[in-house]
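Note that the protein sequences, when read in sequence, are chains A and B.
Just so you know, we're using this note's numbering here: the first sequence kicks off at 1 and counts up by one.
Just so you know, we're using this note's numbering here: the second sequence kicks off at 278 and counts up by one.
Honestly, the hints are just simulated from the structure, not real lab data.
It is possible that part of the hints are untrue.
Claimed, not checked - Result set (SDA-like, lysine to any residue): computed pairs, CA atoms no more than 20 Å apart in a straight line:
| hint | chain 1 | residue 1 | chain 2 | residue 2 |
| --- | --- | --- | --- | --- |
| 1 | A | Lys-113 | B | Gly-459 |
| 2 | A | Lys-91 | B | Arg-379 |
| 3 | A | Lys-128 | B | Pro-457 |
| 4 | A | Lys-85 | A | Asn-30 |
| 5 | A | Lys-128 | B | Gly-459 |
| 6 | A | Lys-128 | B | Tyr-455 |
| 7 | A | Lys-91 | B | Asn-383 |
| 8 | A | Lys-91 | B | Gly-459 |
| 9 | A | Lys-113 | B | Lys-504 |
| 10 | A | Lys-113 | B | Arg-379 |
| 11 | A | Lys-113 | B | Val-530 |
| 12 | A | Lys-113 | B | Phe-453 |
| 13 | B | Lys-325 | B | Thr-484 |
| 14 | A | Lys-99 | B | Pro-457 |
| 15 | A | Lys-113 | B | Thr-484 |
| 16 | B | Lys-504 | B | Leu-303 |
| 17 | A | Lys-173 | B | Arg-463 |
| 18 | A | Lys-113 | B | Val-382 |
| 19 | A | Lys-99 | B | His-469 |
| 20 | A | Lys-99 | B | Gln-470 |
| 21 | A | Lys-113 | B | His-469 |
| 22 | A | Lys-173 | B | Asp-468 |
| 23 | A | Lys-91 | B | Val-382 |
Stated by the list, open to error - Restraint ranges, calculated between C-beta atoms of paired labels, are given here:
| hint | chain 1 | residue 1 | chain 2 | residue 2 | range |
| --- | --- | --- | --- | --- | --- |
| 24 | B | Ile-407 | A | Tyr-176 | 55 to 65 Å |
| 25 | A | Arg-93 | B | Met-364 | 28 to 38 Å |
| 26 | B | Leu-451 | A | Glu-23 | 26 to 36 Å |
Even glycine gets a Cβ: it sits at the ideal position worked out from N, Cα and C.
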Amino acid sequence: MNEVLATSPGTQTAVARKRDIGEVLLQVDNISLRFGGVQALAQVSFDIRKGEIRAIIGPNGAGKSSMLNVINGFYQPQEGSLIWKGRRLRKMRPHFAAKEGIARTFQNIALFKGMSTLDNIMTGRILKMRASFLEQAFYLGRARREELENRAFVERIIDFLEIQHIRHVPVGKLPYGLQKRVELARALAMEPELLLLDEPMAGMNLEEKEDMVRFILDVNEEYGTTIALIEHDMSVVMDISDRVVVLDYGRVLADGTPDEVRNDPAVIEAYLGVQHD
Amino acid sequence: MDTLYSIFVEPFRQIAEAPLFFFEVLIGGLAAGVMYALVALGFVLIFKASGVFNFAQGAMVLFAALFFVGFIDLGLPIWLSLIITVMVMVALAFAIERVVLRPLVNQAPIILFMATIGITFFLDGFGQTIWGSDVRRLDIGIPEDPIFIGDMLLNSFDLFAAAVCGVLVAGLALFFQYTPTGRALRAVADDHQAALTVGIPLNVIWTIVWTVAGLVGLVAGVLWGAKLGVQFNLALIALKALPVLILGGFTSVPGAIVGGLIIGGGEKVAEVYWGPVIGGAIEDWFAYMLAMVFLLFRPEGLFGEKIIERV
Numbered sequence: 001m002n003e004v005l006a007t008s009p010g011t012q013t014a015v016a017r018k019r020d021i022g023e024v025l026l027q028v029d030n031i032s033l034r035f036g037g038v039q040a041l042a043q044v045s046f047d048i049r050k051g052e053i054r055a056i057i058g059p060n061g062a063g064k065s066s067m068l069n070v071i072n073g074f075y076q077p078q079e080g081s082l083i084w085k086g087r088r089l090r091k092m093r094p095h096f097a098a099k100e101g102i103a104r105t106f107q108n109i110a111l112f113k114g115m116s117t118l119d120n121i122m123t124g125r126i127l128k129m130r131a132s133f134l135e136q137a138f139y140l141g142r143a144r145r146e147e148l149e150n151r152a153f154v155e156r157i158i159d160f161l162e163i164q165h166i167r168h169v170p171v172g173k174l175p176y177g178l179q180k181r182v183e184l185a186r187a188l189a190m191e192p193e194l195l196l197l198d199e200p201m202a203g204m205n206l207e208e209k210e211d212m213v214r215f216i217l218d219v220n221e222e223y224g225t226t227i228a229l230i231e232h233d234m235s236v237v238m239d240i241s242d243r244v245v246v247l248d249y250g251r252v253l254a255d256g257t258p259d260e261v262r263n264d265p266a267v268i269e270a271y272l273g274v275q276h277d
Numbered sequence: 278m279d280t281l282y283s284i285f286v287e288p289f290r291q292i293a294e295a296p297l298f299f300f301e302v303l304i305g306g307l308a309a310g311v312m313y314a315l316v317a318l319g320f321v322l323i324f325k326a327s328g329v330f331n332f333a334q335g336a337m338v339l340f341a342a343l344f345f346v347g348f349i350d351l352g353l354p355i356w357l358s359l360i361i362t363v364m365v366m367v368a369l370a371f372a373i374e375r376v377v378l379r380p381l382v383n384q385a386p387i388i389l390f391m392a393t394i395g396i397t398f399f400l401d402g403f404g405q406t407i408w409g410s411d412v413r414r415l416d417i418g419i420p421e422d423p424i425f426i427g428d429m430l431l432n433s434f435d436l437f438a439a440a441v442c443g444v445l446v447a448g449l450a451l452f453f454q455y456t457p458t459g460r461a462l463r464a465v466a467d468d469h470q471a472a473l474t475v476g477i478p479l480n481v482i483w484t485i486v487w488t489v490a491g492l493v494g495l496v497a498g499v500l501w502g503a504k505l506g507v508q509f510n511l512a513l514i515a516l517k518a519l520p521v522l523i524l525g526g527f528t529s530v531p532g533a534i535v536g537g538l539i540i541g542g543g544e545k546v547a548e549v550y551w552g553p554v555i556g557g558a559i560e561d562w563f564a565y566m567l568a569m570v571f572l573l574f575r576p577e578g579l580f581g582e583k584i585i586e587r588v
């Protein structure tokens with residue numbers, strides 16, 4: 001058991017972080033999602049509180065990515081609903097999610113591969129721009145001011161994530177680890193209230209993982225951004241998250257602090273199988 | 278032996294003998310190529326942003342030209358006719374997005390393609406119902422006199438068309454590269470899902486793309502109309518844009534320009550120098566033959582994205 005879920009010395013150990021975990025930001029209420037005959041999610045309920053780092057874990061095919069896709073409106077669940085800041089939503093749409101400050105990254109990286117790092121991150125500012133089509137075309141007053149302001153904002157993110165040197169490189173040419181970082185930068189450019197990270201450390205080497213952990217913690221601490229992340233590296237999950245929800249076959253198996261989850265018999269059974277006499 | 282000589286040697290001897298004439302022919306051809314490129318550009322814009330092959334681009338060229346010449350024939354001044362036609366094309370883009378594209382979102386490309394065939398029939402019919410099917414002369418004062426540049430005799434209309442096209446392409450390139458809307462357009466072209474995540478509204482983007490394609494169609498329609506008269510045949514020049522696209526690649530703006538130039542220049546030169554040997558009318562099939570060769574050896578075109586199949 002402990003080999004799987006225990007903290008490894010490789011990643012930085014969690015210092016007891018003192019932050020304000022506030023009221024419920026998003027309540028996932030009894031969500032069920034089916035694809036034809038496949039039950040991807042079944043009566044899933046949990047909440048995400050303001051300011052916390054919330055991990056969603058589970059074996060492959062447990063419905064973790066589906067859950068994120070429901071939260072930002074890519075999938076429409078057949079049953080249940082989302083309650084965002086106390087408001088029960090009839091339907092979540094990607095555009096609405098973006099406007100409300102829900103940003104995300106993808107498991108397989110969804111960047112604009114032909115565009116430079118800078119341009120990619122600038123797309124995260126699109127909803128902050130108010131200048132009309134014509135003002136932009138002729139680069140008139142407001143368009144110019146907005147472009148400069150947003151560029152300045154993006155430069156701060158670039159500094160923060162230490163990607164100054166790849167500013168003008170088309171992202172398709174970047175190594176995997178850096179692409180993940182650019183994707184995070186684009187999400188941060190949206191000034192998100194809730195940041196959804198789908199396996200932010202998948203396929204990374206130890207050093208890249210440590211960098212990413214540091215960035216995630218910094219984002220959470222400095223900007224107070226609420227983060228929900230899916231991750232397979234248990235040492236990372238147990239280190240950085242405040243609360244963990246465990247999914248298995250589309251159902252909530254356990255929900256609680258890392259310690260509670262680690263010692264939950266159902267979780268142990270799902271991960272390691274149960275011993276038969 | 279004689280045939281071989283007249284195909285492989287004689288034309289080049291003629292070119293070497295009168296290089297000035299060769300350049301006149303070539304530049305005339307390139308100018309026609311610019312006009313093909315203009316039509317091809319409309320296809321590329323829509324294909325890039327939505328992955329839809331817009332069969333209706335040729336019909337949009339005719340439609341725009343019909344409205345423009347129609348308003349002029351009603352006695353409106355040219356500038357006013359132009360403004361009204363621009364508004365018509367913008368309205369058309371909104372209507373297409375609302376009535377055709379939005380209900381079909383997430384459908385397979387072939388279904389959207391079929392829908393654009395429907396749009397083609399509608400535009401052809403609707404335009405001619407309103408304005409009639411007579412050939413109309415479009416005279417907006419573009420100079421047509423031959424002029425000498427150095428020792429070369431050139432058609433000033435061709436030069437004018439090339440200049441208009443150059444300005445248009447440069448404008449589009451700047452717009453795409455440096456404005457937030459341009460950035461959003463490129464983003465949508467690159468990855469729909471990621472574009473949705475950062476909050477780019479696909480509907481707005483599609484409306485903009487169809488508007489721009491409509492305006493490019495208007496420019497093409499006015500230039501072709503001034504050259505050939507406004508008539509149903511204008512819709513058929515879209516057929517010449519297809520080989521241009523195959524050469525240049527469906528997703529590349531510079532590709533559309535280069536493809537147009539190669540085909541325009543190539544067919545004129547072939548017609549003048551090889552026409553007498555092979556029997557003329559090379560201009561009519563040269564483009565398609567070139568396209569076929571490209572399909573065999575370089576199906577993604579000169580500048581298109583390489584198709585890599587991962588196994």
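Proposed proximity, Gln-470/B with Lys-99/A (alpha carbon, max 20 Å): Judged against 20 Å, a Cα distance of about 16 Å means the pair holds.
task: Would you mind confirming whether the straight-line C-alpha gap from Lys-113/A to Gly-459/B stays at or under 20 Å?
output: Distance of about 16 Å is within 20 Å: holds.
- request: For the pair we were handed, Lys-91/A and Gly-459/B, check the Cα-Cα distance against 20 Å.
  value: 30 Å, violated
message: Holds or violated: Lys-128/A and Gly-459/B, Cα atoms, limit 20 Å.
response: With a Cα-Cα distance of about 15 Å, the restraint between Lys-128/A and Gly-459/B holds, given a limit of 20 Å.
Satisfaction of hint between Lys-504/B and Lys-113/A, Cα-Cα up to 20 Å: Given that 20 Å is the threshold and the Cα spacing comes to 41 Å, the pair is violated.
message: Can you confirm whether the C-alpha distance between Lys-128/A and Pro-457/B stays at or below 20 Å?
response: Holds, at about 11 Å.
query: Does the alpha-carbon distance linking Lys-99/A and Pro-457/B stay inside the 20 Å limit?
result: The hint holds at about 17 Å.
- prompt: For the pair supplied as a hint, Lys-173/A and Arg-463/B, is the alpha-carbon distance within the 20 Å limit?
  reply: With Cα atoms ~17 Å apart, Lys-173/A and Arg-463/B stay inside 20 Å; holds.
- request: Take the C-alpha atoms of Lys-173/A and Asp-468/B, compute the straight-line distance between them, and say whether it is at most 20 Å.
  value: Cα-Cα ~16 Å, so holds.
query: Should the hint that Leu-451/B and Glu-23/A are 26 to 36 Å apart at their CB atoms be regarded as holding?
result: Hint violated: Cβ distance 48 Å, outside 26 to 36 Å.
task: Would you mind confirming whether the straight-line C-alpha gap from Lys-113/A to Val-382/B stays at or under 20 Å?
output: Since the Cα atoms of Lys-113/A and Val-382/B sit roughly 23 Å apart, the hinted pair is violated (cutoff 20 Å).
Straight-line alpha-carbon gap Lys-325/B to Thr-484/B, limit 20 Å: Between Lys-325/B and Thr-484/B the Cα gap is close to 14 Å, so the pair holds against 20 Å.
The structure is inconsistent with the numbered hints 8, 9, 10, 15, 18, 26, although it conforms to all the rest.
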